[in-house]
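Number of protein chains: 2
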Amino acid sequence: MKAAIFKGKGQVVVEERPKPTVREQTDAIVRVVLACVCGSDLWFYRGVSDHPVGSVGHEFIGIVEEIGTDVKDIKQGDFVIAPFAYSDGVCANCKAGFQTACIHAGFFGQGAEGDGGQAEFVRVPYADGTLFTVQGKDFSDETLASLLSLTDVMGTGYHAAVSAGVKAGDTVAVVGDGAVGLSGVISAKMLGAERIIVLGSTHEDRHKLAREWGATDIVDARGDEAVKVLMDLTDNVGANAVLECVGSDESYKTAFAIARAGAIVGRVGVPHNAEVDATGTFYRNVGMRGGPAPVRAYMQHLYDAVINGDINTGKVFDLTTSLDDIAEAYAAMDERRAIKTLVKVSEL
Amino acid sequence: MKAAIFKGKGQVVVEERPKPTVREQTDAIVRVVLACVCGSDLWFYRGVSDHPVGSVGHEFIGIVEEIGTDVKDIKQGDFVIAPFAYSDGVCANCKAGFQTACIHAGFFGQGAEGDGGQAEFVRVPYADGTLFTVQGKDFSDETLASLLSLTDVMGTGYHAAVSAGVKAGDTVAVVGDGAVGLSGVISAKMLGAERIIVLGSTHEDRHKLAREWGATDIVDARGDEAVKVLMDLTDNVGANAVLECVGSDESYKTAFAIARAGAIVGRVGVPHNAEVDATGTFYRNVGMRGGPAPVRAYMQHLYDAVINGDINTGKVFDLTTSLDDIAEAYAAMDERRAIKTLVKVSEL
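Quick note, the sequences are listed as chains A and B, same order. Heads up, the first sequence is in numbering that gives the first Met the number 0, so the first residue is 0 and it goes up one at a time. Heads up, the second sequence is in numbering that gives the first Met the number 0, so the first residue is 0 and it goes up one at a time.
Incorrect hints may appear among the rest.
It does not matter which identical chain is used: a pair holds within one copy or between any two.
Said to hold, decoys possible - Below 20 angstroms or equal to it, Euclidean Cα-Cα: the simulated EDC-like pairs (lysine to aspartate or glutamate) are:
#1 K252 to D276
#2 K252 to E274
#3 K314 to E203
#4 K8 to D323
#5 K94 to E193
#6 K94 to D234
#7 K207 to D219
If you're looking for bench data, these hints aren't it; they were derived computationally from the structure.
Bound-form chain A, shown alone (with noise of 0.2 angstroms):
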């Protein structure tokens, strides 16, 4: 099969690779449909953080080709999204709705081979716990859109918001207009939010689907500029969640800056060199929750929520490539010419 393979920095190509095969029986063979490439894929691809050669991606939706003799609720030929980390689904951590702390969890693509979304079949541990099945597959394009973006950015935006406790009436700052950010602008609207104010980029098309899905005022200043409008916005009060949608040391300070006293940092974005200043977050009753989204605990919420045609989050999407145009989905994204590149793999 086809691969997508991480090389080094800023190299990913497409090789050839085994078609992967059961290995547990509670595994199943994925073919991939859709795939797409993630602003977290951006560190390692830009040299940030570590990551192993190899297998990469962790996003797919895509139909089953094959499952193992423990496999009881997914089926061949089901239309399935897989959500970017894989869980059994029935540890105390998944009961509680954090599948990520799943005691059996992982995350695609982290370079072995068969695990990488970005390819034309996964290999998916745990398929009972981790595969939500589709009803149908008569969708349109934008509609496939959509349910892609549930396998990771829109169940990470909509973490972010209800980490941060949004409610109805609140005034909502969101640190980063990427797609995590827009998703994040979505589901603050989503749970009430009568202000969402987003602190970003200057680029224009992010502005404009963030307005486009509740955002109410655009700063696309940075550091203690930002700070200062948002608190000229608010009449220095803060804002009353915060969704911090980047991971950097500069948007953690923003985001605990711009937090009203008694507020949440709902924090979605990888750290990646970040401080939590104890002692200033104490004297203001800032709080902080937040990591890896468990998406599988929103998937039901959010599908059904595409399905009525209550948000359309595939319209983050504003790039398509094939697998064999990788390298140019990353680049893209890299150069922020795309906010994300979505992946056609192979027909529904």
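Start from chain A and add chain B according to the hints.
Chain B in isolation, oriented as in the chain A frame:
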């Protein structure tokens, strides 16, 4: 008037000072009936943190002696409970229930003349927003002690439990078995915790009170050993909610380590060189909330609990001294001969 004066490490003495007077027309002057020494007073007493030479004490109940012309709700002769922080009661943060982040907030006992609770009289800024009026004056010594506990320790323990999101049926861990930790135990019980595990000292008197107030398990180990014991007690899952009631780096590390995936550490111990691991907490979705407790926000609820006999948190005081004996009040707590010292200042 007589007032306790901090002179430097290990030295708190009673000296004659000018009786405070109304300075702003929103002030009240309160004649102190009961005061006490706080675990946080030990930080400067032991020379661990800085404190200006001068007035000390931030916990007191007493009788309103005089009011400024702009004080509307508080009357001369009222029997009042003072939270450890004053607040205007009308700013956005006060209205949101975070009075310790009031835009006019300040803490009592910060070294200025007449602002310390361990004294015969205290000047209370923003009397209407700050003070809570008790109905009647005919109370037992036990009830008076419980009302005194609402100035800080009980409200602080309650804030830890509320911040940690304790709910019915939870397994709750309380780090620290000082007066705040013990108040955290009774607070967790009030919020419906099913199992309450205290990580604390080897002091049998503290264990006894902890068990009386709802603790089901007591772990008298520290650091890694305490973590191990707690994980064994919880089938290696950790606690649903953790109350951090110390503030040291070791207690922070312990608190975050024993939180189950998705749990919140409710922290009320003032952090002293404590660090928060941004990445370690991220991957387990462990959150953090808390800070200086807005005890004013909890006052009515906890007052009702005292008056109804639901809680008897005055039992946390296991030594009583006069104001003249303030040195012994500090020494006994410093040497852990007392959990918390009540200081009788005048007759109700």
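Verification of the supplied hints:
no.	hint	result
1	K252 to D276	both (9 angstroms within a copy, 15 angstroms between copies)
2	K252 to E274	both (8 angstroms within a copy, 15 angstroms between copies)
3	K314 to E203	within (15 angstroms within a copy, 63 angstroms between copies)
4	K8 to D323	within (19 angstroms within a copy, 71 angstroms between copies)
5	K94 to E193	between (32 angstroms within a copy, 19 angstroms between copies)
6	K94 to D234	between (42 angstroms within a copy, 15 angstroms between copies)
7	K207 to D219	within (13 angstroms within a copy, 57 angstroms between copies)
Hint compliance for this structure: no hint is broken.
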